[in-house]
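Asks: Chain by chain, the residues:
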Amino acid sequence: MKINSPLEAYKFLPGTNCGECGELTCMAFAAHLIDRSKKLTECKPILEDKFKKKFEELTALLAPEIREVEIGVGDRVSKIGGDDVLYRHKLTFFNQTQFAYDVWDTMDEKELVERVNYIQDFKKFYVGSFLNVDMVAVRCTSNDPAKFAAAVKKVVETTDMPIILCSFEPAVLKAGLEVSKDRNPLLYAANRDNWKEIADLALEYDVPVTLFAPDDLELLKSMAKTFAAMGTEKLVLDPGTFPTGKQLRQTFTNFIKLRRAGIEGDRDIAYPIMAVPFTAWMAHDDPVSASYWETVVASIFTIKYGDIMILHSTEPYAILPEIHIRDTMYTDPRKPVSVDPGMYKVGEPTVDSPVLITTNFALTYYTVESDLASSKIDCYLWAIDTDGIGVEAAVAGGQLTASKIKKGIEDSGFDLKKDTTHNTIIIPGLAARLQGDVEDETGANVMVGPADSGRIPGWMDKNWPPQKK
Amino acid sequence: MHMTKKMKLSQLSNMLQDLDVESMEGVTIEGDIELNITGGGGLDPALAYALGHEISHVSLHMANIARMLGFPAEQLLASAFGMAEAGQPRALQASPKIQELLASKFEVAKIENWKSQIQEVTLGATSGDGGSRKSTITIGGENALPYYFDAGMPHRNHVTLDVFDMPISMAKAVKANYEDVINDPAEWAKKAVRDFNADMVTIHLISTDPLIKDTPAKEAAKVVEDVLQAVDVPIVIGGSGNPEKDPEVLAKAAEVAEGERVLLASASLNLDYERIAKAAVDYGHVVLSWTQLEINAQKELNRKLMKQCNVPRESIVVDPTTAALGYGLDYAYSNMERIRLAGLMGDDELTFPMSSGTTNAWGAREAWMVSSPLSQDSDWGPREYRGPIWEIITGLTLSLAGNDLFMMMHPTSVQVLKEVTQTLYGAIESEEIDISNWIGAEV
Chain A
1 MKINSPLEAY KFLPGTNCGE CGELTCMAFA AHLIDRSKKL TECKPILEDK FKKKFEELTA
61 LLAPEIREVE IGVGDRVSKI GGDDVLYRHK LTFFNQTQFA YDVWDTMDEK ELVERVNYIQ
121 DFKKFYVGSF LNVDMVAVRC TSNDPAKFAA AVKKVVETTD MPIILCSFEP AVLKAGLEVS
181 KDRNPLLYAA NRDNWKEIAD LALEYDVPVT LFAPDDLELL KSMAKTFAAM GTEKLVLDPG
241 TFPTGKQLRQ TFTNFIKLRR AGIEGDRDIA YPIMAVPFTA WMAHDDPVSA SYWETVVASI
301 FTIKYGDIMI LHSTEPYAIL PEIHIRDTMY TDPRKPVSVD PGMYKVGEPT VDSPVLITTN
361 FALTYYTVES DLASSKIDCY LWAIDTDGIG VEAAVAGGQL TASKIKKGIE DSGFDLKKDT
421 THNTIIIPGL AARLQGDVED ETGANVMVGP ADSGRIPGWM DKNWPPQKK
Chain B
1 MHMTKKMKLS QLSNMLQDLD VESMEGVTIE GDIELNITGG GGLDPALAYA LGHEISHVSL
61 HMANIARMLG FPAEQLLASA FGMAEAGQPR ALQASPKIQE LLASKFEVAK IENWKSQIQE
121 VTLGATSGDG GSRKSTITIG GENALPYYFD AGMPHRNHVT LDVFDMPISM AKAVKANYED
181 VINDPAEWAK KAVRDFNADM VTIHLISTDP LIKDTPAKEA AKVVEDVLQA VDVPIVIGGS
241 GNPEKDPEVL AKAAEVAEGE RVLLASASLN LDYERIAKAA VDYGHVVLSW TQLEINAQKE
301 LNRKLMKQCN VPRESIVVDP TTAALGYGLD YAYSNMERIR LAGLMGDDEL TFPMSSGTTN
361 AWGAREAWMV SSPLSQDSDW GPREYRGPIW EIITGLTLSL AGNDLFMMMH PTSVQVLKEV
421 TQTLYGAIES EEIDISNWIG AEV
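Those sequence lines, one after another, are chains A and B.
Position one of the first sequence corresponds to residue 1 (my numbering), numbered consecutively onward.
Position one of the second sequence corresponds to residue 1 (my numbering), numbered consecutively onward.
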């Protein structure tokens, strides 16, 4: 965005401190505009006619450096681009990389439908919700407009996911557009040879379009400028994804250069970037090697500035790391990641099973939980509400205390005396100094576990069950 | 824009007759857009921006009308810049035909404030330097983020394979590679170098943990000697992670490895780091400075190692902690990236090469579990393929944050991580591939 202090945004706000946005003052709201945690449209007064000009001006000033482009419609619309920084810790990355998996028009129809269904149904539970993949890319391998249209039609009938139409042949893309124009598909792609015809299609159907200039940033920029001059900024840039060797290194350089120039204010190329890890399949014959390498290339360009990508392997060992590395990069670093406080059962605990305490810092919780689960230790595990702070810091900062532990257990309706035979709590080694307090507060026996949950299994062998006093 | 009502066509065509981009600066347009630009200084930059925005819209709109009136607006548009509206792009009204691509130059500057070089650290010592290694390894020395075009990267990434002084529980996919050597650390180390292309090996003295076998430091040191005998690559010596016992174990190991310039893993704030640092200084080794995902703690420990313990700068490597993909890698990544950027920008408490315990990736259930414990999940597929890729992506991610040395476990992971990091580094030649028609590729 063009401004970076709340004061600069404040000048455009009504300044009435009306509170409709949920903030006490316009200045507080302005701060949220700058860190992009609130949208200008949440200010109701500025939407009134008399502020129209200020609204429009401020909207322009707040617009992200990299343009946002929408693909698809309705609930399944995919937004890409929109970034303002080169490093996630400087703010956060917006609009996570969209993953499109391919189908092709020479595929058997039944196989195509199965593949599309597999793509749209893929899900993996993670930190309280499901990770999914996003789109279907239809490749024209027949070079036959009618065949391509039939495949696109089948995809449209099978899924609401956004679609990418892939061909360098204008007649083929037009046939695909005819059966998918209501779905705002992404065109792939305009290149040095076909750009005029593709521009006509993009404008006629008013759909986003990819510009493809393999290892030629000058040409890419020329095309982007030309398309903008002709009337569309719904552009996605593909500088080419070369899968191996020095060409891959050059691809990496191109991505860095493109995004750096965009963030630094070269509006002509400030568009979302596409990677095509699919090309890994042109370098490897063996499907496992190809899947591995595709996942590696996809990860590089999820980390370094790819906003959308086309992939081929739908093996779980490819998709799982892909969706996790994307979550890694796009998790908002400004928000501490926490789990819901409360009791969690690991395995199938009984009245004889241990009771352990940890914090609701997601990283701590999931580490402890997986350490216990992987050692097959059936137990009760409490995530105490420490505002998402880890054990050591929470003890030091007073977010993890004896009374918090007591409250956490009671709030779950758990009675140590009735629901266990041992009336014992195991606290983390890093919270050892709370031992006496927790004993006093809860009346339970308190044992101090190891400092690292990786050592719980060995600790359990020695210390569990506790000796009767 | 609703500017037509109050304007007559004759007025418009009069205006359009002498319209060109330069003269827009003095144009006054009335209607429900009122622009009265006088130029000169004193303009609020924000206002100037907004006005510029407005002007570009007006010019576009007018050019559009001009086209209807037969004015050759294409030329004007071709020479115009800044027509693009900030924010959510949309298909603009105008769609002039352009016959040739607009000329354009792509330029991007190198980063100016990366002025400091990351410290170079050499591991291992040859006979010429009082050791018995066949060759040494140097890491660090960067002047830019890894693989960036801003500056050359002097040294490639390196991998050290884990060896343990007793059998430990491992993921099945990992264990399969070491079953024949699991009771013999020296043979294990040999296999890692000979068969799995390890640049280094790490001997983890985990049996010294009082909660495991409580092996005395002196006995553990013998294992270190065995490993030094068995392989001629530089080595890392790891303790058990027990803060009470590790300083003693590492000090003794440092003594028997005198002159070999091993990496002692590790000094941390929660143990007697002075003793470990002293052993490194006395016997000519390198210290691994380990903190847990906290940049300020990393600064503090590095400062203490340098100022309080007199460890030379060229004898410090940092381990800011590696969390597995899906289990805090976001923290580990940004922590490392921040450390590296701060180092490049001159924070001399952070200008050190970095090491990652990439093996931690195997703690992720996705790496080792037979199948998802959750019935709602899609099928996770065979774990034999999931585990290595989990380790690869964890390492690859940190390589992009600036990590130099990787402590790893699975041979396939080592192979692929080396392939990709050395590709980005520029050391891998391969046949050029023509991707211009990738869409039609048969796969």
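Just so you know, the hints here were simulated from the structure itself, not pulled from any lab data.
Please read all numbers here as calculations on a predicted model, not as lab measurements.
Be aware that one or more of the hints could be misleading.
Here chain B is said to cover these stretches of chain A; the calculated rule only asks that three of the stretch's residues, wherever they fall, bring their Cβ under 8 Å from a Cβ of chain B [as the list claims (entries may be wrong)]:
(1) 174-185
(2) 302-314
(3) 406-417
(4) 456-462
Note that the Cβ used here is the ideal one computed from N, Cα and C, for glycine as well.
Asks: Each hint: holds or not?
Replies: To see whether the hints hold, each was checked on the structure:
Counting residues of the segment 174-185 of chain A whose C-beta lies closer than 8 Å to any C-beta of chain B gives 0; at least three are required, and the coverage claim is violated. For the segment 302-314 of chain A, the assignment as covered by chain B holds, since 3 residues bring a beta-carbon within under 8 Å of that chain's beta-carbons and 3 suffice. Remark: the segment 406-417 of chain A is not confirmed as covered by chain B, as 0 of its residues place a Cβ nearer than 8 Å to a Cβ of that chain, below the required three. Residue count for the segment 456-462 of chain A with a Cβ under 8 Å from a Cβ of chain B: 3. That meets the three needed, and the coverage hint holds.
Comparing the model with each earlier hint shows violations of hints 1 and 3; every other hint is respected.
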